[in-house]
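Asks: Spelled out from the first residue to the last, the chains are:
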Amino acid sequence: MLSTNPLQRKIQISGIILIFGLVVEAVCLLGQGPIAFLVFIGLGGLAFLVAIVYYLLALVRSGSA
Amino acid sequence: MEHPVFVLPFIGLCIALVCIFIFRPDLTSTSGGKIMAFLVFFILPVLCLGAGFSSKLESSKSTRFCLSCHIMEPYGKSLLVDDPGHLAAAHFQNHRVPPEDACYTCHTNYAMFGGVKAKLGGLKHIYVYYLKTPPAPEDIKLYDSYHNRECLHCHAGARSFEEGVVHAADPDLLPALRANKTSCVSSGCHDMVHNVRSLKDAKFWKGGS
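So the protein lines, in turn, are chains A and B.
Position in the first sequence counted from 1, then plus 32, gives you this note's numbering.
Position in the second sequence counted from 1, then plus 3, gives you this note's numbering.
Hints are computed from structural coordinates only; laboratory data are not their basis.
A portion of the hints provided could be inaccurate.
[To be verified] Selected chain B positions facing chain A (in silico; Cβ < 7 angstroms):
#1 F9
#2 C17
#3 T31
#4 T33
#5 I46
#6 S63
Just so it is clear, the structure is predicted and the values come from calculations on it, not from any experiment.
Backbone N, C-alpha and C fix where the C-beta goes; we use that ideal spot for every residue, glycine too.
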């Protein structure tokens with residue numbers, strides 16, 4: 033399923049992590065308590081950060097290659 | 004943007020667009036596809052995170068959020084005490100504070116960056132609640148003594164406050180209250196606030212639901 037092109041493969045991986053973060057965010061938004069808030073920030077935020085940084089790094093590296 | 008119903012369709016759209024790029028990564032081989040990918044992988048997620056965070060932050064001010072911790076239950080009950088002398092109950096039941104944000108309205112800090120300090124205080128509560136041994140509800144104390152600034156945020160300038168019989172009787176009292184030299188909740192004044200120790204003997208208001 034993953035592409036053989038390095039940039040496209042990294043975009044796919046970034047997308048998978050991003051979807052995980054988005055699903056965590058959606059679930060946490062439906063929750064009411066402090067735990068939902070913490071998971072939203074901790075897990076969801078971390079997944080977003082990793083996905084975006086991974087995507088941006090892939091772009092930068094493909095541009096400089 | 005308090006209710007997540009505004010954010011969820013946005014998240015759904017973002018997931019759908021990301022899925023397109025997962026299943027068709029070759030779209031990024033054109034310049035139009037690259038721009039689209041940048042929107043989908045950077046701009047949209049940042050907007051989603053910002054909107055979600057804003058929604059979560061708003062919901063964390065709600066009375067329901069504060070009372071979702073078991074330890075806060077007696078404080079929630081104290082808002083329904085059927086006695087106008089109970090400060091918190093009288094404010095809650097007469098909508099002197101918005102009932103849906105009752106805890107936050109009185110327990111935030113109306114100084115500069117007060118909202119941030121209130122949120123950091125909330126994180127400390129969560130840390131103590133889940134990772135340390137939380138005190139019994141009746142042993143909970145404020146980190147700092149209650150500042151009159153929080154009361155005066157609403158009451159300053161109000162006729163009932165400025166010309167109240169007790170407030171106006173002593174000409175030194177109002178300046179002392181404004182300077183926080185005499186506490187509004189000091190003994191003999193508005194000292195019956197939550198009083199969770201005496202709740203078992205209290206009568207409760209049945210309305211407000």
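Asks: Answer holds if the nearest beta-carbon of chain A is closer than 7 angstroms to that of B/S63; otherwise answer violated.
Replies: With Cβ-Cβ at 6 angstroms, under 7 angstroms, it holds.
Asks: Checking hints one by one. Is B/I46 an interface residue toward chain A, by the C-beta closer than 7 angstroms rule?
Replies: violated, 10 angstroms
Asks: Given B/T33 as an interface hint, is the shortest Cβ-Cβ distance to chain A below 7 angstroms?
Replies: violated, 12 angstroms
Asks: Is the shortest C-beta separation between B/F9 and chain A less than 7 angstroms?
Replies: violated, 10 angstroms
Asks: Less than 7 angstroms between beta-carbons is the criterion; does B/T31 satisfy it with respect to chain A?
Replies: holds, 6 angstroms
Asks: B/C17 was flagged as interface toward chain A. Is the shortest Cβ-Cβ separation under 7 angstroms?
Replies: holds, 6 angstroms
When held up to the earlier numbered hints, the structure conflicts with 1, 4 and 5 and fits the remainder.
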